[in-house]
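Chemist: Residues per chain, in single letters:
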Amino acid sequence: MTLRERVKEAGDKLHGSQLVDSILRPGSPFKQGYSDSPRNRSYVIMNNVLYHLHPVKVKRHGVRLSYTLCLGGISFFLFILLTITGIFLMFYYAPTAENAYQDIQELSTSVAFGSLVRNMHRWGAHLMVLSVFLHMSRVFYHGAYKAPREFNWVVGVILLLLTLLLSFTGYLLPWDQLALWAVTVGTNMASFVPVFGGQVQFLLLGAVAVSADTLLRWYVLHVLFLPFVIVIFMAVHFWRVRKDGGISGPL
Amino acid sequence: MAELPEHLLRRSAEAKAKALGISVDEAMAILKGDAPEPSEPAAAPEPAAPEEPATPAEPATEPEPTAAPVATATAVADPTKATRVVPQEAPVAGPEGARTQRLLTVVRAKAIQQTKPEPQDKVNTWPHLMLIEFAALLAVSAILVIMSVALQAPLLEAANFNATPNPSKAPWYFLGLQELLSYFDPGVAGVSVPLIVGFAALMGVPYIDKNPSNKPSDRKFAVMLFTFFIAGSATLTIIGVLFRGPGFNFTYPWRDGIFFDDLKDWIPLEGH
Chain A
1 MTLRERVKEA GDKLHGSQLV DSILRPGSPF KQGYSDSPRN RSYVIMNNVL
51 YHLHPVKVKR HGVRLSYTLC LGGISFFLFI LLTITGIFLM FYYAPTAENA
101 YQDIQELSTS VAFGSLVRNM HRWGAHLMVL SVFLHMSRVF YHGAYKAPRE
151 FNWVVGVILL LLTLLLSFTG YLLPWDQLAL WAVTVGTNMA SFVPVFGGQV
201 QFLLLGAVAV SADTLLRWYV LHVLFLPFVI VIFMAVHFWR VRKDGGISGP
251 L
Chain B
1 MAELPEHLLR RSAEAKAKAL GISVDEAMAI LKGDAPEPSE PAAAPEPAAP
51 EEPATPAEPA TEPEPTAAPV ATATAVADPT KATRVVPQEA PVAGPEGART
101 QRLLTVVRAK AIQQTKPEPQ DKVNTWPHLM LIEFAALLAV SAILVIMSVA
151 LQAPLLEAAN FNATPNPSKA PWYFLGLQEL LSYFDPGVAG VSVPLIVGFA
201 ALMGVPYIDK NPSNKPSDRK FAVMLFTFFI AGSATLTIIG VLFRGPGFNF
251 TYPWRDGIFF DDLKDWIPLE GH
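Going down the list, the protein sequences come from chains A and B.
Be aware that the first sequence starts at 1, since it is given in our numbering, and climbs by one per residue.
Be aware that the second sequence starts at 1, since it is given in our numbering, and climbs by one per residue.
These are computed hints drawn from the structure, not numbers from a lab.
Because the structure is a prediction, the values reported are computed rather than measured.
Honestly, I wouldn't trust all of these hints.
[As the list claims (entries may be wrong)] Using 30 Å as the maximum straight-line C-alpha spacing, the simulated DSS-like pairs for lysine-lysine come out as follows:
| id | chain 1 | residue 1 | chain 2 | residue 2 |
| --- | --- | --- | --- | --- |
| 1 | B | 18 | A | 243 |
| 2 | B | 220 | A | 59 |
| 3 | A | 146 | A | 243 |
| 4 | A | 146 | A | 59 |
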């Protein structure tokens with residue numbers, strides 16, 4: 001018995017086992033083999049939890065890259081990338097005024113791929129703000145916010161706002177001069193809000209000016225609160241896309 | 001048909017009693033008397049059953065119900081005739097009279113599911129959409145990795161509350177606002193208008209724009225307005241990023257350099 005045959009036999013045994021059987025859904029193409037047929041094309045979507053975000057069939061014009069430019073999908077993908085790189089960064093970072101800056105420096109110099117992951121997180125965040133904004137513009141120019149999609153536009157604007165807040169709260173965390181003063185300037189703008197300006201600023205900063213308390217507050221907002229909220233709104237957003245009849249158009 | 005449990009029989013007797021304005025016991029008697037006979041014609045009916053229907057239940061008004069069960073009980077061979085004779089009481093039991101379906105609700109044309117009168121031109125998500133998405137995903141990953149290898153994220157010296165850099169700039173997506181602030185009184189036009197009114201107006205777009213068409217040629221005004229909004233915010237942001245130097249005064253980037261630390265590693269800066 002050659003090695004090749006043994007490997008094949010072991011593979012067949014594993015494939016027929018109860019364990020593998022229980023992991024894959026009954027219709028899964030991994031189970032029964034994939035041959036290109038309309039039925040199997042449906043099974044690919046139906047038997048995978050991630051692909052299941054999509055319906056089995058979509059409008060033909062919506063598949064054209066020139067219609068959506070993939071901007072919504074890219075925004076979502078960047079969010080996932082930012083979550084993964086962000087979790088990596090959390091292992092090396094403590095949100096205290098004494099340690100924060102030093103942690104970032106050490107991350108860049110003495111952690112394997114630390115510098116790369118930090119750069120990806122930072123540039124990815126800028127790209128996400130950009131792609132969300134462009135996605136909104138695309139939706140406007142297609143008139144895709146019109147009935148029955150009015151409410152999904154509102155959810156989208158909330159998502160834009162949350163994206164900006166996520167980016168802005170992350171801006172402070174390196175605790176360098178750029179972070180400190182950009183946030184000072186940004187939150188000073190909040191104090192110009194009529195009537196509640198002072199309160200809004202105090203709520204944001206946890207103090208009358210940027211301080212160590214602000215660092216902790218923004219860290220918690222950045223890694224826990226805002227991602228939690230944005231995921232909920234994203235779920236509503238994606239769900240409504242399908243419930244409102246899929247992608248808009250054709251023009 | 002199986003014998004109905006006592007409590008279910010009692011419940012329907014109560015309903016029947018309420019509907020007909022008779023006592024529950026009377027209704028019970030009707031049910032008990034009617035039910036077994038048309039349903040189990042072949043099986044020998046209980047000895048008590050044939051007598052009960054004849055009791056006070058519905059005396060003179062409807063003579064047929066009492067007659068009918070007798071008819072079916074005797075002439076089992078002809079069930080069609082029996083159904084014709086017992087039109088009212090049939091739903092309770094008889095296999096011929098029993099309806100096997102009932103109307104639950106009427107779904108009107110504008111229901112929660114959007115139904116289209118004609119089929120739409122659709123393609124399978126796999127492979128048509130998934131492949132494009134996968135390609136986009138790879139492209140974005142590649143761009144981001146290359147960008148991250150080539151360009152270092154800015155990290156200035158440690159935060160120092162006593163050294164205010166000049167100029168102090170907000171992140172680029174707020175620089176348009178900061179730019180506005182240098183023109184207008186902060187309380188009125190600087191923040192509240194763009195932020196509160198801006199976001200409220202943005203959210204309200206679908207409720208303000210009542211034009212049902214999505215053809216660009218039908219909505220020139222909306223397109224123009226939005227283009228102004230984008231062009232305006234882009235202009236303000238670009239001025240804020242590139243054309244503002246110390247004291248947030250106007251400078252030319254090609255003359256004095258760029259005063260924006262996020263771009264430190266992008267372009268060799270001379271102004272620093």
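Chemist: Give a verdict on every hint.
Modeler: Results for each hint:
1. B:18 with A:243: violated (44 Å)
2. B:220 with A:59: Holds: residue 220 of chain B and residue 59 of chain A sit about 26 Å apart, inside 30 Å.
3. A:146 with A:243: OK: residue 146 of chain A and residue 243 of chain A at ~14 Å, within 30 Å.
4. A:146 with A:59: With Cα atoms ~18 Å apart, residue 146 of chain A and residue 59 of chain A stay inside 30 Å; holds.
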